[in-house]
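Novice: Whole structure, please, built from the sequences with the hints as guidance.
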Amino acid sequence: MQKLGLGRAVVVVVPGYPDAMRIVRQSDLVATVPGSCFGSASAGDHAITAGLESFELPLPIPRFKISAMWHPRMDADPAHRWLRDTVMSACRAAYARR
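Using the numbering used here, the letters of the sequence shown map in sequence onto residues 1230 to 1327.
Simulated from the structure, these hints should not be mistaken for laboratory data.
Here a beta-carbon is modelled for each residue, glycine too, at the ideal position from N, C-alpha and C.
One or more hints might be untrue.
Said to hold, decoys possible - The following label-pair restraints were derived from C-beta to C-beta distances: (1) 1240 with 1317: 29 to 39 angstroms; (2) 1309 with 1287: 19 to 29 angstroms; (3) 1255 with 1303: 29 to 39 angstroms; (4) 1298 with 1243: 17 to 27 angstroms; (5) 1312 with 1257: 38 to 48 angstroms; (6) 1308 with 1238: 38 to 48 angstroms; (7) 1324 with 1279: 41 to 51 angstroms; (8) 1305 with 1234: 12 to 22 angstroms; (9) 1258 with 1314: 33 to 43 angstroms; (10) 1231 with 1302: 44 to 54 angstroms; (11) 1230 with 1282: 18 to 28 angstroms; (12) 1292 with 1248: 16 to 26 angstroms.
Specialist: So this is what it looks like as structure tokens:
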């Protein structure tokens, strides 16, 4: 954007993408969110994206890392391990390198 003489004015910072989409729906602001947040059938809350439009950005965006955290006491818990494995499998399937 700088090469085109353009800039951006950050007017709000939120803790999560759903918050950004709720704000955008009720204002004249624009938010940059991962495409996986918009219209994902697995997201479950289609109300978040209702009434919004999206497009792929016409410029390269740096990759970013998504991480999971848990307390070490949960490492050996079978249900917690199952949940972590299930989430990891879903993420690997959704974000397989193309």
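Novice: A separate judgement is required for each hint: does it hold in the structure or not?
Specialist: A quick look at each hint next to the structure:
A beta carbon spacing of about 35 angstroms between residue 1240 and residue 1317 agrees with the range 29 to 39 angstroms that was offered as a hint. Remark: the range hint 19 to 29 angstroms for residue 1309 to residue 1287 is contradicted by a beta-carbon distance near 42 angstroms. For residue 1255 paired with residue 1303, a C-beta distance near 37 angstroms keeps the hint of 29 to 39 angstroms intact. In this structure the hint that residue 1298 and residue 1243 lie 17 to 27 angstroms apart at CB holds, the actual value being about 20 angstroms.
Between residue 1312 and residue 1257, the C-beta spacing of about 39 angstroms keeps the proposed range 38 to 48 angstroms intact. Range check, residue 1308 to residue 1238: about 46 angstroms between beta-carbon atoms, so the 38 to 48 angstroms window is met. Range check, residue 1324 to residue 1279: about 24 angstroms between beta-carbon atoms, so the 41 to 51 angstroms window is missed. Our hint of 12 to 22 angstroms for residue 1305 and residue 1234 is violated, since their Cβ atoms are close to 56 angstroms apart.
A hinted range of 33 to 43 angstroms holds for the C-beta pair residue 1258 and residue 1314, which are about 38 angstroms apart. Between residue 1231 and residue 1302, the C-beta spacing of about 47 angstroms keeps the proposed range 44 to 54 angstroms intact. Separated by about 20 angstroms at the C-beta atoms, residue 1230 and residue 1282 satisfy the suggested range of 18 to 28 angstroms. Evaluation of the 16 to 26 angstroms hint for residue 1292 and residue 1248 yields a pass: the beta carbon distance comes to about 23 angstroms.
Of the hints listed earlier, those the structure fails to meet are numbers 2, 7 and 8, in rising order.
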